[in-house]
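Number of protein chains: 2
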Amino acid sequence: MQQYIQENKERFLSELLDLLRIPSVSADSKYKDDVRKAAEFICEKIQAAGADVAEICETAGHPIVYGEKIIDSSLPTVLVYGHYDVQPADPLNLWDSPPFEPVVKDEKIYARGACDDKGQVYMHIKAFETMMATNSLPCNVKFMIEGEEEVGSDNLGIFVKANKAKLAADVILISDTAIIANDIPSIDVGLRGLSYLEVEITGANRDLHSGVYGGAVANPINVLSKMIASLHDENGHITIPNFYDDVVELTPAQREAMAETPFNLDEYKKDLGIDDVRGEDGYTTLERASIRPTLDANGIWGGYIGEGAKTVLPSKASAKISMRLVPNQQSDKITALFTKHFESIAPAGVTVKVQPHHGGEPYVTPTDSKEYRAAEKAMEEAFGKKPVPTRGGGSIPIVALFEKELGLKTILMGFGLDSDAIHSPNEHYGLSNFYKGIETIPLFFKYYSV
Amino acid sequence: MQQYIQENKERFLSELLDLLRIPSVSADSKYKDDVRKAAEFICEKIQAAGADVAEICETAGHPIVYGEKIIDSSLPTVLVYGHYDVQPADPLNLWDSPPFEPVVKDEKIYARGACDDKGQVYMHIKAFETMMATNSLPCNVKFMIEGEEEVGSDNLGIFVKANKAKLAADVILISDTAIIANDIPSIDVGLRGLSYLEVEITGANRDLHSGVYGGAVANPINVLSKMIASLHDENGHITIPNFYDDVVELTPAQREAMAETPFNLDEYKKDLGIDDVRGEDGYTTLERASIRPTLDANGIWGGYIGEGAKTVLPSKASAKISMRLVPNQQSDKITALFTKHFESIAPAGVTVKVQPHHGGEPYVTPTDSKEYRAAEKAMEEAFGKKPVPTRGGGSIPIVALFEKELGLKTILMGFGLDSDAIHSPNEHYGLSNFYKGIETIPLFFKYYSV
Numbered sequence: 001m002q003q004y005i006q007e008n009k010e011r012f013l014s015e016l017l018d019l020l021r022i023p024s025v026s027a028d029s030k031y032k033d034d035v036r037k038a039a040e041f042i043c044e045k046i047q048a049a050g051a052d053v054a055e056i057c058e059t060a061g062h063p064i065v066y067g068e069k070i071i072d073s074s075l076p077t078v079l080v081y082g083h084y085d086v087q088p089a090d091p092l093n094l095w096d097s098p099p100f101e102p103v104v105k106d107e108k109i110y111a112r113g114a115c116d117d118k119g120q121v122y123m124h125i126k127a128f129e130t131m132m133a134t135n136s137l138p139c140n141v142k143f144m145i146e147g148e149e150e151v152g153s154d155n156l157g158i159f160v161k162a163n164k165a166k167l168a169a170d171v172i173l174i175s176d177t178a179i180i181a182n183d184i185p186s187i188d189v190g191l192r193g194l195s196y197l198e199v200e201i202t203g204a205n206r207d208l209h210s211g212v213y214g215g216a217v218a219n220p221i222n223v224l225s226k227m228i229a230s231l232h233d234e235n236g237h238i239t240i241p242n243f244y245d246d247v248v249e250l251t252p253a254q255r256e257a258m259a260e261t262p263f264n265l266d267e268y269k270k271d272l273g274i275d276d277v278r279g280e281d282g283y284t285t286l287e288r289a290s291i292r293p294t295l296d297a298n299g300i301w302g303g304y305i306g307e308g309a310k311t312v313l314p315s316k317a318s319a320k321i322s323m324r325l326v327p328n329q330q331s332d333k334i335t336a337l338f339t340k341h342f343e344s345i346a347p348a349g350v351t352v353k354v355q356p357h358h359g360g361e362p363y364v365t366p367t368d369s370k371e372y373r374a375a376e377k378a379m380e381e382a383f384g385k386k387p388v389p390t391r392g393g394g395s396i397p398i399v400a401l402f403e404k405e406l407g408l409k410t411i412l413m414g415f416g417l418d419s420d421a422i423h424s425p426n427e428h429y430g431l432s433n434f435y436k437g438i439e440t441i442p443l444f445f446k447y448y449s450v
Numbered sequence: 001m002q003q004y005i006q007e008n009k010e011r012f013l014s015e016l017l018d019l020l021r022i023p024s025v026s027a028d029s030k031y032k033d034d035v036r037k038a039a040e041f042i043c044e045k046i047q048a049a050g051a052d053v054a055e056i057c058e059t060a061g062h063p064i065v066y067g068e069k070i071i072d073s074s075l076p077t078v079l080v081y082g083h084y085d086v087q088p089a090d091p092l093n094l095w096d097s098p099p100f101e102p103v104v105k106d107e108k109i110y111a112r113g114a115c116d117d118k119g120q121v122y123m124h125i126k127a128f129e130t131m132m133a134t135n136s137l138p139c140n141v142k143f144m145i146e147g148e149e150e151v152g153s154d155n156l157g158i159f160v161k162a163n164k165a166k167l168a169a170d171v172i173l174i175s176d177t178a179i180i181a182n183d184i185p186s187i188d189v190g191l192r193g194l195s196y197l198e199v200e201i202t203g204a205n206r207d208l209h210s211g212v213y214g215g216a217v218a219n220p221i222n223v224l225s226k227m228i229a230s231l232h233d234e235n236g237h238i239t240i241p242n243f244y245d246d247v248v249e250l251t252p253a254q255r256e257a258m259a260e261t262p263f264n265l266d267e268y269k270k271d272l273g274i275d276d277v278r279g280e281d282g283y284t285t286l287e288r289a290s291i292r293p294t295l296d297a298n299g300i301w302g303g304y305i306g307e308g309a310k311t312v313l314p315s316k317a318s319a320k321i322s323m324r325l326v327p328n329q330q331s332d333k334i335t336a337l338f339t340k341h342f343e344s345i346a347p348a349g350v351t352v353k354v355q356p357h358h359g360g361e362p363y364v365t366p367t368d369s370k371e372y373r374a375a376e377k378a379m380e381e382a383f384g385k386k387p388v389p390t391r392g393g394g395s396i397p398i399v400a401l402f403e404k405e406l407g408l409k410t411i412l413m414g415f416g417l418d419s420d421a422i423h424s425p426n427e428h429y430g431l432s433n434f435y436k437g438i439e440t441i442p443l444f445f446k447y448y449s450v
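Listed in order, the protein sequences are those of chains A and B.
Numbering-wise, UniProt numbering puts 129 at position 129 of the first sequence, and it's gapless, one number per residue.
Numbering-wise, UniProt numbering puts 377 at position 377 of the second sequence, and it's gapless, one number per residue.
Honestly, the hints are just simulated from the structure, not real lab data.
Each hint should be verified, as a subset may be incorrect.
To be verified - Derived coverage of chain A by chain B (criterion: at least 3 residues anywhere in the stretch with Cβ under 8 Å from a Cβ of chain B; other residues may be distant): (1) 26 to 35; (2) 248 to 260; (3) 342 to 350; (4) 369 to 379.
What the hints assert, rightly or not - From the structure, some residues in chain A lie toward chain B, with a derived Cβ separation under 7 Å: (5) Val-277; (6) Thr-294; (7) Ser-322; (8) Lys-353; (9) Leu-408.
Claimed, not checked - Under the rule of at most 30 Å between Cα atoms (straight-line distance), these lysine-lysine pairs were calculated in the DSSO-like manner: (10) B:Lys-269 to A:Lys-226; (11) B:Lys-30 to A:Lys-353; (12) A:Lys-316 to B:Lys-316; (13) B:Lys-30 to A:Lys-340; (14) B:Lys-32 to A:Lys-269; (15) A:Lys-340 to B:Lys-333; (16) A:Lys-316 to B:Lys-436; (17) B:Lys-333 to B:Lys-353; (18) B:Lys-316 to A:Lys-30; (19) A:Lys-9 to A:Lys-108; (20) A:Lys-105 to B:Lys-316; (21) A:Lys-353 to B:Lys-386; (22) A:Lys-270 to B:Lys-105; (23) B:Lys-436 to A:Lys-353; (24) A:Lys-30 to A:Lys-316; (25) A:Lys-316 to B:Lys-269; (26) B:Lys-353 to A:Lys-226; (27) B:Lys-404 to A:Lys-340; (28) B:Lys-30 to A:Lys-30; (29) B:Lys-409 to B:Lys-436; (30) A:Lys-333 to B:Lys-226; (31) B:Lys-340 to A:Lys-226.
Beta carbons: idealized from backbone N, C-alpha and C, even for Gly.
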């Protein structure tokens, strides 16, 4: 198997680069056709790798690629999930090379989606090809690769509910997370949930001259700023009533265990170029970024943002705001709490509109399960080191849904690094990580099928 | 004279429409050539109207048009100031007709600059033409029409300092303000000053994934919101230390006089489509918009502002912030106070950059002067009603500079209406206001020369 990977590694890479050249940005409708191109590419490669079934399933939005190889229905089935859509690439001016013209530099692949999640999805397709080519596939495998993960997976939820028999499996395997470092393997055993909304504040029915009306009429930008500012208190706690009601606090023992995760605050600050971290009082940086819920404005705009100066009192100001959730917070409930609170704090003189974008539920994987131990053994063999169980800060909304609808647990065996700049300019993925993944995945299949 | 205006009114209008077709947006460098076109247009028309001198004066930025007609050096000289540049037209989608394709609808001219200030400048050129054509110019006249009023008039300041002899005059006449209503003439006797800055908050050295870093690293949008919010207290007072030190409070008598200015709060709210006004406690709406200093964010931007959702923790967030000043606040001093304060309130984990854009000083015209009484008589004759002296909220930064450099008082005899939507989509100017101005200006010349 190692030999097959060695002999084909150049081709594996060049195929991935072809996939990365497709700008499959799901959030922006002008890339609709490119998103489909990426789906077709994935479908062909699953087929070519040796699947019995490889098909493009239409949805109300971007299509889902489904594939399967059933060698013996009495054997277990691994359902591989991933996504071929990517985040928008802007701000473009901050990329050292065009986001959809991948380049390999310093042993890393630079492109939007290199790590999140095209690079990691492609490891699975090539691992599958490798197992097929070497007659070493030990169990059944199914693929479900979607194109709307970056915009909330709404249609995947519908697809899963409608295709429970087709998707029947024993475990779900996902590579869309990170390891601590290339010499410190880890497995994500927890994910934060998400509630994402857009808010719009409207003052006067038109933009006004700030000299003629300034001081006498509510300014939507000033009002929005005050409203956003009020969502955190001076200790970094979120002020939305009942926001923390369902949060499961870790036990002192769990926090102690977490504190042993390798982490260097100085390197962390140095990497980000900041003089200090900032977050909720009473928690460490690792805790703030994983086991605590958060509220961040992801975008804000209003008034004149062009060159030079314009003395305008704008009619509207808007922001995109998201909250990361932890067990047992519920996305819908938090969205409702936010909406009620945000509307309630709008002062006279303005109207407020709150529009939910998408959400996802938090998730935790038990470390004493057969599937976790299989992943642990696979990584230990590939990295020569037992992986550390970690709690990730990101969200893969679909994971909680899989458990609810399919009754399946998920193994988050990711191979990225937090420094891969996913969702940022110059996103990249290490060549060694890509190949390490292709090598580790068949080991998971092996130990899981024992 | 009336007859000449009547006979030529159609031509006067069509010439103005030609001027309005030139997109002379001074703030945006891509309109540089159009700004010059507008200057050339103005220059030709002053020449054609009968000036001895009409020339384009180069500056480090957009040119200044100078013109003069000296009939007798022993007679007084009126220096007419105005600007041919206009505000940016965006948001374009809110215009009912293209901003630079003027249309006349319901007796109003719709176009960017229709009122501010092309329409009002053009009244002066046509009034001059009328006086020349009817041999009724009673004194000397000079024109100084600039192209950078909307971006701070920096080069006009330099031009004035360098050309004091050339600009020697007895009074400055400007039409760039509004009357209370078409049946309630008024003369602006006070202007607010301005201090305009741009601020930028930088957190991490790159955009980050809000799941991986959210809650652990300062979010520039949240920080900027908190900083902007903190600039006003719960009573609407500005919190910048020493901000109010130099403010001249009106006497109770002056405030009573002001309270007699015709003003209908319900109509005001109805026109703006707001359920309530909002401003500094202890002051009326008219006072908030004229005799009190203000602080408004004119623009804000940061993070993802495209379609859909992006879970990004942005590296930067920015805002344009301006303060309207009243006698005797000084723009430079306020700019320095703002900068010092804003830098001081930046929390750890971010860096703040404050860049001053431009400023202007507040101004007051004495109502017992020869020039004011001449303007009063001219308006009373044209409108059949004595004009009300008012304090305007806007800024014409150059007015204070004229007094300082040329030792001249300025008469602000404007003919617009606050409802003309200057600086906003669908800016317009009443045809009757345009013609009323052309009729009134010669009367000012007459009474001022007596």
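Check: Going straight from one Cα to the other, do Lys-105 (chain A) and Lys-316 (chain B) come out at no more than 30 Å?
Finding: holds, 27 Å
Note to self: Holds or violated: Lys-316 (chain B) and Lys-30 (chain A), Cα atoms, limit 30 Å.
What the structure shows: holds, 26 Å
Notebook entry, point to check: Within 30 Å, alpha carbon to alpha carbon, are Lys-353 (chain B) and Lys-226 (chain A)?
Noted result: holds, 21 Å
Note to self: Please verify whether Lys-270 (chain A) and Lys-105 (chain B) have alpha carbons no more than 30 Å apart.
What the structure shows: violated, 61 Å
Next item on the list: Quickly compare the C-alpha distance for Lys-9 (chain A) and Lys-108 (chain A) to 30 Å and report which way the hint goes.
Entry: Within the cut-off at roughly 14 Å; holds.
Notebook entry, point to check: Would the stated hint for Thr-294 (chain A) survive a check requiring a Cβ distance to chain B of less than 7 Å?
Noted result: holds, 3 Å
Checklist line | Pair hint outcome, Lys-316 (chain A) versus Lys-269 (chain B) [Cα-Cα no greater than 30 Å] | finding: holds, 17 Å
Notebook entry, point to check: Are the Cα atoms of Lys-340 (chain A) and Lys-333 (chain B) separated by 30 Å or less?
Noted result: violated, 43 Å
Margin query: So is the segment 369 to 379 of chain A in contact with chain B by the C-beta rule, three or more residues under 8 Å, or is the coverage claim wrong?
Written below: Per the Cβ count (0), the hint is violated.
Next item on the list: Below or equal to 30 Å on CA atoms is what counts here, so check Lys-436 (chain B) against Lys-353 (chain A).
Entry: violated, 44 Å
Note to self: Tell me if the straight-line CA distance from Lys-30 (chain A) to Lys-316 (chain A) falls inside 30 Å.
What the structure shows: holds, 25 Å
Check: Minimum Cβ distance from Ser-322 (chain A) to chain B below 7 Å?
Finding: holds, 6 Å
The structure fails hints 2, 4, 8, 9, 11, 13, 14, 15, 16, 21, 22, 23 and 27 (numbered hints given earlier, in ascending order).
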